[in-house]
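Q: If you read the sequences in order, they're chains S and A.
My numbering puts the first residue of the first sequence at 2, with every later residue one more than the last.
My numbering puts the first residue of the second sequence at 33, with every later residue one more than the last.
One should not assume that every hint holds.
[As the list claims (entries may be wrong)] Listed next, the stretches of chain S that the computed footprint assigns to chain A, with coverage defined by at least 3 CB atoms under 8 Å from CB atoms of chain A:
#1 20-34
#2 55-68
[Unchecked claim] So the derived label-pair ranges between C-beta atoms look like this:
#3 S/GLU21 - A/GLY334: 47 to 53 Å
#4 A/ALA300 - S/GLN66: 52 to 58 Å
#5 A/ALA139 - S/ALA70: 36 to 42 Å
#6 A/PRO427 - S/SER12: 57 to 63 Å
#7 S/SER12 - A/VAL368: 24 to 30 Å
#8 S/GLU30 - A/TRP92: 44 to 50 Å
#9 A/VAL368 - S/ALA70: 28 to 34 Å
#10 A/ALA114 - S/GLN66: 49 to 55 Å
#11 A/GLY215 - S/SER12: 38 to 44 Å
#12 S/ASN16 - A/GLY334: 55 to 61 Å
#13 S/GLN66 - A/GLN183: 32 to 38 Å
#14 S/GLU30 - A/GLY215: 36 to 42 Å
#15 A/LEU49 - S/PRO69: 20 to 26 Å
FYI, nobody ran anything at the bench for these hints, they're computed from the structure.
The beta-carbon is built from N, C-alpha and C at its ideal position, and this holds for glycine as well.
Below, each chain spelled out in residue letters.
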Amino acid sequence: MSAPAGSAARSECGNCQHFEQGAAQLERELPLLRTLSSAYSSVRARDGLCRQHERYLSASALCAQHAPA
Amino acid sequence: MTEIADTPPLLARRESLWTELLRREDWWAIWIGLGLVVVAVGLTLTGGSIKWLAVAPSKWSQGSEVVAQLRTHAPQYLALFALWALLLGIGSSALGSRWARFLPAFAAIYAVSLLLYLLGQWDQASHYNLEPPLVALALGLLISNTVGVPQWLQAGLRVEFYIKIGIVLLGASLPFTLIIWAGPVAILQAAIVSLATFGVIFFTAKRLGLDRRLAATLGTGGAVCGVSGAIATAGAVGAKKEQVSIAISLVVFWAIVTIFVLPLVARALHLSTAVAGAWIGTSEFADAAGLAAAQAYGGYAGHVPGISGSADAAVNAFTLMKVIGRDIWIGVWAFVLSIIATTRWERTGVNSSTGAGEIWRRFPKFVLGFLLASAIVTLIASGYNYAEYKKVVLPALVAPLQALRVWAFTFAFLCIGLTTQFRQFIVGGAKPFIAFTAGVVVNVILGFVLSTQVFAQFWTRFGQ
Chain S
2 MSAPAGSAAR SECGNCQHFE QGAAQLEREL PLLRTLSSAY SSVRARDGLC RQHERYLSAS
62 ALCAQHAPA
Chain A
33 MTEIADTPPL LARRESLWTE LLRREDWWAI WIGLGLVVVA VGLTLTGGSI KWLAVAPSKW
93 SQGSEVVAQL RTHAPQYLAL FALWALLLGI GSSALGSRWA RFLPAFAAIY AVSLLLYLLG
153 QWDQASHYNL EPPLVALALG LLISNTVGVP QWLQAGLRVE FYIKIGIVLL GASLPFTLII
213 WAGPVAILQA AIVSLATFGV IFFTAKRLGL DRRLAATLGT GGAVCGVSGA IATAGAVGAK
273 KEQVSIAISL VVFWAIVTIF VLPLVARALH LSTAVAGAWI GTSEFADAAG LAAAQAYGGY
333 AGHVPGISGS ADAAVNAFTL MKVIGRDIWI GVWAFVLSII ATTRWERTGV NSSTGAGEIW
393 RRFPKFVLGF LLASAIVTLI ASGYNYAEYK KVVLPALVAP LQALRVWAFT FAFLCIGLTT
453 QFRQFIVGGA KPFIAFTAGV VVNVILGFVL STQVFAQFWT RFGQ
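Chain A on its own, in the form it takes in the complex:
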């Protein structure tokens, strides 16, 4: 159970704009992520940098090198911990958590994340398939399903908070011009897969005799943005509580399976990092799960023979496909399904019709931070020629923000496993499982064909 306290009733019932800005995770991801970008830009423009603070382990081959690294950079790791603890602590407090409870929990997450980050820098890590995202996930799953997660650690397990901050920071290393160039293709590819996946899940579920509200909740969970898509639709159509639990369980189950399977298959087929990232972005069900898979695959670049492209290309292609191609449309899906549910489906005793304002209310606001971060850094970089960019902007601005992004993602990957307890899965019988799995099969195959065949050249060029 989470340690975050309930929203005070008055605030929960009448949410003003101010309340929204202070009590929603998306906005805190923007304040923290974009705040870091703005400070980093300001320092770079005045000849400084945040690179001392944005410390990251370097490559090593012997255990003694790790000890030496930690000894040399101990003050930086402590300072970075203080920075994260301060920013995340403020955000968590605003969301209702007590700082005194968040701090020890986050300290443990930071310490384990440092070990995972170090593991990823071992020169034999790829040889043994020890990619940090996968190890973080496996370790978290092992702990939560064996010895259990201690109560004091619960307050720090905020997957979405960390992943959204990481995505905002990711914007700083993705040129805005690239987003504009690749965005339409990402939207087109995602639209094809989303419509097909939703259709398969919805009509299979209906054929199996399942309630249409459950069918729609499962459909958007598989087609749009995983658990977030499922709950958005469930609220819009007025699904039963048990139906929401079923949809969440199935999404989490398949998302975790595909975190391991997609990179393995892509590796066996020697897909380039950008093409694999696009496939994962098309076929994974949730941002955090997909980023774990994409970052793991990016880690193969330069280490596994036959895999071309840069490590970042996998994460960048994933983000475009998933965030721009799929996530931002959730409000539209919820709005349309709400109208259909109200006008066409059987009555439930509750009128759940909504207005077009629902599209904005459900819009994943952190995406604005991602786009703004990209626009700011692109604008700054445009003032330098390529040689100056590589000499000044890259080491002083972009690389440190990339390091902070990896930290935020690692916190999230660890928390995915730690919050997943298999005994909490509610499948609700064979029929929902069959319907959702049919969608998974179509989603994965269609995503593969579009990424590796239809739009293969485009994604390959994107990676270059």
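If we strip away everything but chain S, and leave its shape as in the complex, we get:
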């Protein structure tokens, strides 16, 4: 069972080259984010921006266009 789980983890958005989750970069792309919140907050968890789908996603999300980082 551990192999599929590891495989799934590797194909998560958090490990994709389309995924941007650097806090400073997120604050540049969503400029008002730091006015009343922060990309360094716990509530953001490991969310980031997907360049492929132009969506704001959880790092654990999955998609067919995954491109290993």
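Starting from the structure of chain S, add chain A where the hints point.
A: Same frame as chain S, but now just chain A:
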């Protein structure tokens, strides 16, 4: 643009517990805020105090008194600057900022905050509506939208970092027993308003034909914890980037409007500080914005005829309502909406389903520091009788921590305005605005009715 550097890719992609503890603002708020509380407690127990260091301006009526104060206490103000610069500099460095860039930026923020703190101590400040939080916000807005904020100042503009440290320090002056006593009512009141506000925004947006992911992002932004609620939900449901920008813009817009409007209306109605704090905590959208409004209103106590209660009661009631009543539930909202989005809504090409671990991952950890600070000081205070508490614990421990809290909040209030540029607002047309505004109206009215009618006696007693 912020000066904080990006998280190194390796750390960003695989976040260990250690990384989380060192690279998240919430945890640094705990290390700094709780660290100050622990040191203050230790000194108090050994007959000392941090009160020399936790300097704060005193009341004045003539300009010459201000000069005299600054001259007399100059070494203390410099020492306090050094302390804040050291602690915040370490925290900012851990988050990726360069200390050399943070230091000059923070020096400017500290200097302006000192002037704002002094202004608040003017005996005519309330008469002219010059409450420091509101002046700080207005000044920041004026600068950022006219001459602009210089690049070198950007590294110091960390609203959330400062406000979270302030909230942890606030725990030291809020008895743990009071949190236990009032917490359930705060949760009940917040739940009623949150569910109603989310429902109004979500279903109005849906009726207007907006995407359900945008509707949910707007809904939690209005109902739970403002921008933080919006981004948590956006990530959980997989909203489009543009939808996140729209939600953030609408939350910031209405949060700033209500910072000025709620205290003005509460003042006109002569609400007690605790009742007004509960209303603001129910109806404001973000911690920093709400604390600015609550602290401004608390400043009216004892200065504006007809407003009863202590200054701290407004901030305390606000914090209970907002932090305990609303903020801590964001992980639950994100988790539930993630399941609904995955199983019920149209597919987007991305599977954004998450597990129950999401509730903890998104939990605003600084709240733990707030609760711990309260528990520690309450435990220490329980060893003294009331007379000893007023003679020893209050002046040596609680009052200095309150002063440090006001400093941290003032840094944050100034930064709200300095980071708000109106040209960055992305409203995305009339429909999102209408949907969110419908929620604002319900949120404000329902929050008012619950705070001033349904639970009025409770909040009045809380203030006493």
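Q: Report the numbers of all earlier hints that the structure fails to satisfy, in ascending order.
A: none
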